[in-house]
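With the hints as extra help, turn the sequences into a complete structure.
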Amino acid sequence: MTIDNLRPEILWAVEAAQEKQAVDITVLKLTGAFAEYFLLCSGQSTPQLQAISDAIEEKLGRQRMRLEHREGKIGSEWVLLDFGSLVVHIFSDRARQFYDLERLWRTAERADFPVSERPAKPRDESEGDTTEA
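Numbering that gives the first Met the number 0 puts the first residue of the sequence shown at 0, with every later residue one more than the last.
Please note that the accuracy of each hint is not assured.
Unchecked claim - No farther apart than 25 Å at their CA atoms in a straight line, the calculated lysine-lysine pairs in the DSS-like style are these:
id	residue 1	residue 2
1	28	58
2	19	72
3	58	19
4	58	72
Unchecked claim - Ranges between beta-carbon positions, derived for each pair:
id	residue 1	residue 2	range
5	63	99	32 to 38 Å
6	68	45	17 to 23 Å
7	75	3	31 to 37 Å
8	60	102	27 to 33 Å
9	35	60	18 to 24 Å
10	18	45	17 to 23 Å
If you're looking for bench data, these hints aren't it; they were derived computationally from the structure. The structure displayed is predicted, hence computed values, not measured ones. Ideal Cβ placement from N, Cα and C applies to all residues, glycine included.
Okay, structure coming up:
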């Protein structure tokens, strides 16, 4: 799995997380699970976890992606955003190590996004058509 073959909504979510300085961003492609993809990322503080969560929810909402379920209260160490085929997990470092979803889903295809790497930005429908005639 590479950045080039990820669906636009996943890239939008990655981009939103990166804009809020999320670290250790990983996408897992699941088989035989309740979701097609997990997006995992970490934040350094509870306010940052909330900012990452809000940014992803807002960006995907603008693309008409419906948030089906949200878990994690203000001050928690793990926020879950369920968009149906995409489930986003936003962790503190401690919670991510404890739950270790990468180990639990170790057979899944995986794409990691280093801090310096930006996803190829798919055209956001709200940006309008920028092609020249």
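We went through each hint and held it up to the structure:
1. 28 <-> 58: 21 Å, holds
2. 19 <-> 72: The hint holds at about 19 Å.
3. 58 <-> 19: 12 Å, holds
4. 58 <-> 72: 20 Å, holds
5. 63 <-> 99: 32 to 38 Å: Roughly 33 Å apart at Cβ, these two residues keep to the hinted range, so it holds.
6. 68 <-> 45: 17 to 23 Å: For residue 68 and residue 45 the Cβ distance comes to about 20 Å; the hint holds.
7. 75 <-> 3: 31 to 37 Å: Distance hint for residue 75, residue 3 holds at roughly 34 Å.
8. 60 <-> 102: 27 to 33 Å: Since the Cβ atoms of residue 60 and residue 102 sit about 31 Å apart, the hinted range of 27 to 33 Å holds.
9. 35 <-> 60: 18 to 24 Å: Since residue 35 and residue 60 have Cβ atoms about 19 Å apart, the given range 18 to 24 Å holds.
10. 18 <-> 45: 17 to 23 Å: Distance hint for residue 18, residue 45 holds at roughly 18 Å.
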